[in-house]
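Chemist: If you read the protein sequences in the order shown, they are chains A and B.
If you're matching positions, the first sequence starts at 1 in the numbering used here and goes up one per residue.
If you're matching positions, the second sequence starts at 1 in the numbering used here and goes up one per residue.
These aren't lab readings, by the way, just hints derived from the structure by calculation.
Glycine included, C-beta positions come from ideal geometry on N, C-alpha and C.
Careful, some of the hints might be misleading.
Distance ranges between label pairs, derived from CB positions [claimed, not checked]:
id, chain 1, residue 1, chain 2, residue 2, range
1, A, A115, B, D97, 47 to 57 Å
2, B, E151, A, R195, 29 to 39 Å
3, A, E21, B, T36, 35 to 45 Å
4, A, E93, B, R174, 52 to 62 Å
Number of protein chains: 2
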Amino acid sequence: MDCGLLYSGGKDSTLAALVLERFYDVTLVTARFGLTDDWRHAAESAGRLGFPFETLDLDPSVAEDAVARMVEDGYPRHGIQEVHRAALDALAEEGFDAVADGTRRDDRVPSISRAQAQSLEDRHDVDYLAPLSGFGRRAVDRLVEATLTVEVGPSEQIDRADYEAELRALLGEREGEGAIAEVFPAHDQTTVTGRRDR
Amino acid sequence: MDCGLLYSGGKDSTLAALVLERFYDVTLVTARFGLTDDWRHAAESAGRLGFPFETLDLDPSVAEDAVARMVEDGYPRHGIQEVHRAALDALAEEGFDAVADGTRRDDRVPSISRAQAQSLEDRHDVDYLAPLSGFGRRAVDRLVEATLTVEVGPSEQIDRADYEAELRALLGEREGEGAIAEVFPAHDQTTVTGRRDR
Chain A
1 MDCGLLYSGG KDSTLAALVL ERFYDVTLVT ARFGLTDDWR HAAESAGRLG FPFETLDLDP
61 SVAEDAVARM VEDGYPRHGI QEVHRAALDA LAEEGFDAVA DGTRRDDRVP SISRAQAQSL
121 EDRHDVDYLA PLSGFGRRAV DRLVEATLTV EVGPSEQIDR ADYEAELRAL LGEREGEGAI
181 AEVFPAHDQT TVTGRRDR
Chain B
1 MDCGLLYSGG KDSTLAALVL ERFYDVTLVT ARFGLTDDWR HAAESAGRLG FPFETLDLDP
61 SVAEDAVARM VEDGYPRHGI QEVHRAALDA LAEEGFDAVA DGTRRDDRVP SISRAQAQSL
121 EDRHDVDYLA PLSGFGRRAV DRLVEATLTV EVGPSEQIDR ADYEAELRAL LGEREGEGAI
181 AEVFPAHDQT TVTGRRDR
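Extracted from the complex, chain A is given alone in its bound form:
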């Protein structure tokens, strides 16, 4: 069975790949709007980890809508959630037996409810997997420590490729650089540099 996993190059989506690789032929898939080249960082992480990698082009209107929502809200949560759901819908059309993401039990965003999961599966006749959704923050941190090598830093300096980089770029373009710090403040993120030998 094959599985397409939404991939950022960060620790959560990488750990999700390690959980799934025993059971599925996993392809790491980075969704992009074509606004920046940040997807290349995810491609690099995927290569170091030894997984096949693909990009998935999303409709730029999804990014425009999400940024408008973030500006209206004054915070990024709902906008990110909209982009994540659009990415899962697009991935589910790619022909994989299963689609997956790296959401954890304690994530507020993105998060997919049981009803949303069932709807995604029914609409696209695909299995939706959230392999980390039964793991809390401390358990994930311990597993990452045991299995991966990572770099940690503020989100504007770390090379990774989730929606944030492109959404920040678009936000700056639409509302000015000041809007980025105001609506979408920097926070520490990790990027995965490789597997740790067991």
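For this one, chain A is given, so just place chain B on it according to the hints.
Modeler: Frame of chain A; chain B shown alone:
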């Protein structure tokens, strides 16, 4: 890191063990009230799969309370849920780094909410893992088919060792054999007989 996994000998808790064994030293643990010898079926499955096995003695008053609740309700759901939570609490006192169960995304019972998971972790300083909680019914069935050999049959004929066998026995003792069919109707269950070669 070591992990104690609540184990019945059925497909869900066995698949949970396969997910976790890459990351943890997994011990399969069957909770029992000392009413029947059904735990031996789980011990046998664990041996065939190559996992260490332990039993965990629960206070018989937990079974008495659960059966009283089932009779009052006229169905088993809440009683089973009470036993499952008591079993997790007892397991969390056994000194493992993590405790786990085989609950799936689509299970109505037993199920552990995010708040209950956090409470369990905080009260016992342990990680709680539900490795199948991000997998729906069809995905679990497909993974079981790919990795395990199983036997399926009505619950009164299949050798397994979740709380049901002991709770049924106690229910019959307290309320008469007729109460078993009325309160706790039979349904198809699986027992795992081994690993499938990949």
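Chemist: Decide, hint by hint, whether the structure agrees.
Modeler: Comparing the hints with the structure gives:
Take A115 of chain A and D97 of chain B: their Cβ atoms lie about 33 Å apart, and the range 47 to 57 Å is violated. The hint said 29 to 39 Å for the Cβ distance between E151 of chain B and R195 of chain A, and at roughly 38 Å that hint holds. Separated by about 40 Å at the C-beta atoms, E21 of chain A and T36 of chain B satisfy the suggested range of 35 to 45 Å. A hinted range of 52 to 62 Å holds for the C-beta pair E93 of chain A and R174 of chain B, which are about 55 Å apart.
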